[in-house]
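The hints should help you fit chain B onto chain A, whose structure is shown.
If you're matching them up, the sequences are chains A and B in order. First residue of the first sequence? That's 1 in this note's numbering, and the numbers climb one at a time after it. First residue of the second sequence? That's 1001 in this note's numbering, and the numbers climb one at a time after it.
Just so you know, these hints were derived from the structure itself, not from any lab. There could be a bad hint or two in this list.
In silico contact screen, one side only, chain B against chain A (beta carbon under 10 Å); selected entries [to be verified]:
no. : residue
1   : R1076
2   : P1242
3   : N1244
4   : Q1245
5   : A1246
6   : R1247
7   : C1248
8   : N1254
9   : G1255
10  : F1271
11  : K1272
12  : E1275
13  : G1321
14  : G1322
15  : T1326
16  : Q1392
The calculated lysine-lysine pairs, modelled on BS3-like cross-linking and capped at a C-alpha distance of 27 Å, are [as the list claims (entries may be wrong)]:
no. : chain 1 : residue 1 : chain 2 : residue 2
17  : A       : K249      : A       : K171
18  : B       : K1006     : A       : K314
19  : B       : K1193     : B       : K1387
20  : A       : K249      : B       : K1006
21  : B       : K1312     : B       : K1123
22  : A       : K314      : A       : K303
23  : B       : K1006     : A       : K303
24  : A       : K197      : A       : K92
25  : A       : K197      : A       : K171
26  : B       : K1387     : A       : K284
27  : B       : K1320     : B       : K1123
28  : A       : K149      : A       : K139
29  : B       : K1320     : A       : K284
30  : B       : K1123     : B       : K1309
31  : B       : K1312     : B       : K1193
32  : B       : K1119     : B       : K1312
33  : B       : K1320     : A       : K310
34  : A       : K171      : A       : K310
35  : B       : K1193     : A       : K149
36  : B       : K1119     : B       : K1309
37  : A       : K197      : A       : K310
38  : B       : K1006     : A       : K92
39  : B       : K1320     : B       : K1119
40  : A       : K303      : A       : K197
C-beta: ideal position from N, C-alpha, C; glycine also.
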Amino acid sequence: MQTLLFILRQTLSFSIPLLIVALGGTFSVRSGITNIGLEGMMVMGALTSISFVRMTQDNISSQNQLLVAIIISIIAGMLISLLHAFASVNLKADQIISGQAINTFAPAFSVFVSRIIFGEQIIVFNNTFRIDEIPLLSKIPIIGDIFFKDTYITTYLGIIIYLISSFVLFKTRFGLRLRACGEYPQAPDSVGINVSKMRYIGVLISGALCGLGGLVYVVPNSTNFNSTVFGYGFLAMAVMIFGQWHPTKILFASLFFGLLMTFSSTYSGIPFLVSLGIPSNYYKILPYAMTLIILVFNVSSSKEPAAAGKPFEKGMR
Amino acid sequence: MKKMKKILSILLVLLLVFSIVACGSKKKEDDAKKDDAKKDDAAEESSEEPASKDSEESSKGEVVLFVSAAGALDDRAFNSACWLGIQDFCGETGKTYAYYQPTEDTVEAQMVICDTAVKAGAKFIVISADQFKLSAVEMQESYPDVTFIIYDSIPTTAEGEEIIADNLKSILFKEQEVGFLAGYAAVQDGYTKLGFVGGMPVPAVVRFGYGFAKGVDRAAEDLNVDGVELMYSYFGNFEATPDNQARCASWYQNGTEVIFAAAGPAGASAFKAAEDNDGVVIGVDSDQSAESETVISSAMKDLRNLTYKALKEWDEGTFKGGVVETYGSAEGGVALPMETSKWKNFSQEDYDALYERLAKDEDGIASSIPSNTDYDDPSQIPLERTKITYVQ
Chain A
1 MQTLLFILRQ
11 TLSFSIPLLI
21 VALGGTFSVR
31 SGITNIGLEG
41 MMVMGALTSI
51 SFVRMTQDNI
61 SSQNQLLVAI
71 IISIIAGMLI
81 SLLHAFASVN
91 LKADQIISGQ
101 AINTFAPAFS
111 VFVSRIIFGE
121 QIIVFNNTFR
131 IDEIPLLSKI
141 PIIGDIFFKD
151 TYITTYLGII
161 IYLISSFVLF
171 KTRFGLRLRA
181 CGEYPQAPDS
191 VGINVSKMRY
201 IGVLISGALC
211 GLGGLVYVVP
221 NSTNFNSTVF
231 GYGFLAMAVM
241 IFGQWHPTKI
251 LFASLFFGLL
261 MTFSSTYSGI
271 PFLVSLGIPS
281 NYYKILPYAM
291 TLIILVFNVS
301 SSKEPAAAGK
311 PFEKGMR
Chain B
1001 MKKMKKILSI
1011 LLVLLLVFSI
1021 VACGSKKKED
1031 DAKKDDAKKD
1041 DAAEESSEEP
1051 ASKDSEESSK
1061 GEVVLFVSAA
1071 GALDDRAFNS
1081 ACWLGIQDFC
1091 GETGKTYAYY
1101 QPTEDTVEAQ
1111 MVICDTAVKA
1121 GAKFIVISAD
1131 QFKLSAVEMQ
1141 ESYPDVTFII
1151 YDSIPTTAEG
1161 EEIIADNLKS
1171 ILFKEQEVGF
1181 LAGYAAVQDG
1191 YTKLGFVGGM
1201 PVPAVVRFGY
1211 GFAKGVDRAA
1221 EDLNVDGVEL
1231 MYSYFGNFEA
1241 TPDNQARCAS
1251 WYQNGTEVIF
1261 AAAGPAGASA
1271 FKAAEDNDGV
1281 VIGVDSDQSA
1291 ESETVISSAM
1301 KDLRNLTYKA
1311 LKEWDEGTFK
1321 GGVVETYGSA
1331 EGGVALPMET
1341 SKWKNFSQED
1351 YDALYERLAK
1361 DEDGIASSIP
1371 SNTDYDDPSQ
1381 IPLERTKITY
1391 VQ
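Next up, chain A with everything else stripped away, as it sits in the complex (with noise of 0.2 Å):
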């Protein structure tokens, strides 16, 4: 039962990260922008709300601290998304290389500005988010022990964003116009909807969920942070691809890959999967060649917006 939750838990660790980051990239993409900048957006959104954790470590408690953090992440996600938003609306450029250059330049840009303010490239922070237990939720059978105790306020953030995404895009007029400006923006246009307004938003709240993504990815994992968030951005966005775009199969999607990498990296402490005796590269290959062949069985059913990528002239056919 113990080990069952300890696997529960670190899925939900694995997963949460993944699932704010793919939904962002779902924002983006449903406005008709493609993101590939994901990953540079989570380094700049853990840099900022890290390096303010290790500033004021010792001045504030710590859930409050956590909060602020949120804050910064997501607002510095947001700006550096602007650079993309700018690059893809108003230049017209390719989407591809814009968010190419945001990954290439946050963890050089994240070294030089952790260099620069504390000395060090690596910056340690007193980890101390950690809720043990959350009175009489916690007593809850079985729900209460996995999601009630040893727990992070991210882990409720990323829930509380996946139902409001779900919302938000299928149930509101705002969602209405955003998947119709990734679909056919000439249509939304004709009926004088700011095609490039709804674009720049979508990738607004992209930037914004990435950032918060990257804070939320160092939180649970690490005392530190080394300017990089190893190649997270890019498994969100095959998460991204294999849900289709949809919050509900992204959150299947991201647990699904949470669990293939419990399993490749805790199978050495779980007695069950050690018995089992097969040889330990598997475990360790399963995230990668799953991923791998689902995306293969997935491209030729794709329901990726048919504008995405495409950046749209006003009158345009």
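Just chain B, lined up with the frame of chain A:
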């Protein structure tokens, strides 16, 4: 659809690059990193050395540290200690200093940074890792006027021939002895479920691990402790990734009480896992007690002091190259920092007695500890009372 394929192919390539090749993810940034490092080292020099304005022509640093592509300068462990030693010396003498990191651990890339460093005025180069083993052969011959020290390694040609020129000194440590100390202390302190994680299986890390296993087993034998179990693994990188954190967490979850993390910056993964699961960690290279509440002790090498000493000798003209120096307990080159350690039962007297036994090699205790070349993998170490599980 076409766009889709383009994105997909880029995505897959990036996934491969970033994920499967664990250390590959560092390469691309390292270009940028190196540039940044140079830039702000130049800045550091000008701000920290106002006294030696005239030495600014030789701008980039007379004393230089080479960090391997797999490592990091601020690892709060090995490289940090060397860097502090350099800073101690340069603070006293007003010499300039800098560090360089190659884009990848190949002879070509390493020679590039060596050329750059020497052209920028390097006179003394501290090489901090075994990854420079092959290129060090070329470096010492190409630049006979530059003095080198290399840690944890002896320059070796691709054919396996060891060559040490007169301008280079190899400094090795008996990591197995301090690993032994840590393992022995942990068992004497009452821990019976232990773990070892290394970064990559480079010789120094392997010696830490083998020594730890032997120390655990020896203590179990001496003190008649039953049911001692040891988990043993290498991360395959020196980075604090979620995978590494999850691996340590799963061990703690499965009953492991203490993990000895000989993994540089990846130690942070073990610290975090320990914080979340009420475990404890033994740190490595430097005294890491300040890094986390969970660090109960550290397997230290005397890097800061030895770096300083070598520089001092060089400055005074008494530096002698062409030799291999090995520092173990007999030379006082390894230690556990007992003042900052949080042992419950293992006292200073216990430590002193054990250290003495090691230093004097009583009953062959020190020579019984295996070195990295003795076994191919840790499961082959003959252990009397310890069940070792090697996770590949």
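Handout entry: Agreement of K1320 of chain B and K1119 of chain B with the hint, judged by alpha carbon distance not exceeding 27 Å
Key = Given that 27 Å is the threshold and the Cα spacing comes to 24 Å, the pair holds.
Handout entry: Restraint outcome when P1242 of chain B is required to lie within 10 Å of chain A by C-beta distance
Key = 4 Å, holds
Practice task
Take the C-alpha atoms of K1312 of chain B and K1123 of chain B, compute the straight-line distance between them, and say whether it is at most 27 Å.
Solution key: 13 Å, holds
Handout entry: 27 Å limit on alpha-carbon distance, applied to hinted pair K314 of chain A and K303 of chain A
Key = Within the cut-off at roughly 25 Å; holds.
Practice task
So, G1255 of chain B near chain A? Judge it on the closest CB pair being under 10 Å.
Solution key: Constraint on G1255 of chain B satisfied, holds at 9 Å.
Practice task
With a cut-off of 10 Å on the beta carbons, see whether Q1392 of chain B makes it to chain A.
Solution key: Nearest chain A Cβ about 5 Å off; hint holds.
Problem - Restraint check for K1119 of chain B with K1309 of chain B, where alpha carbons must lie at most 27 Å apart - result: 25 Å, holds
Handout entry: Distance restraint between K1320 of chain B and K310 of chain A, which requires alpha-carbon spacing of 27 Å or less
Key = Distance of about 67 Å is beyond 27 Å: violated.
Handout entry: Hint check: 10 Å Cβ-Cβ cutoff, R1247 of chain B to chain A
Key = With Cβ-Cβ at 5 Å, under 10 Å, it holds.
Practice task
With a cut-off of 27 Å on the C-alpha distance, tell me whether K1193 of chain B and K149 of chain A pass.
Solution key: Status holds; Cα separation ~25 Å.
Exercise for the section: Could you check if K1272 of chain B really has its C-beta closer than 10 Å to a C-beta on chain A? Expected result: Nearest chain A Cβ about 5 Å off; hint holds.
Exercise for the section: Closer than 10 Å between Cβ atoms is the bar; does E1275 of chain B clear it against chain A? Give me holds or violated. Expected result: 7 Å, holds
In summary, the numbered hints that this structure violates are 13, 14, 15, 29, 31 and 33.
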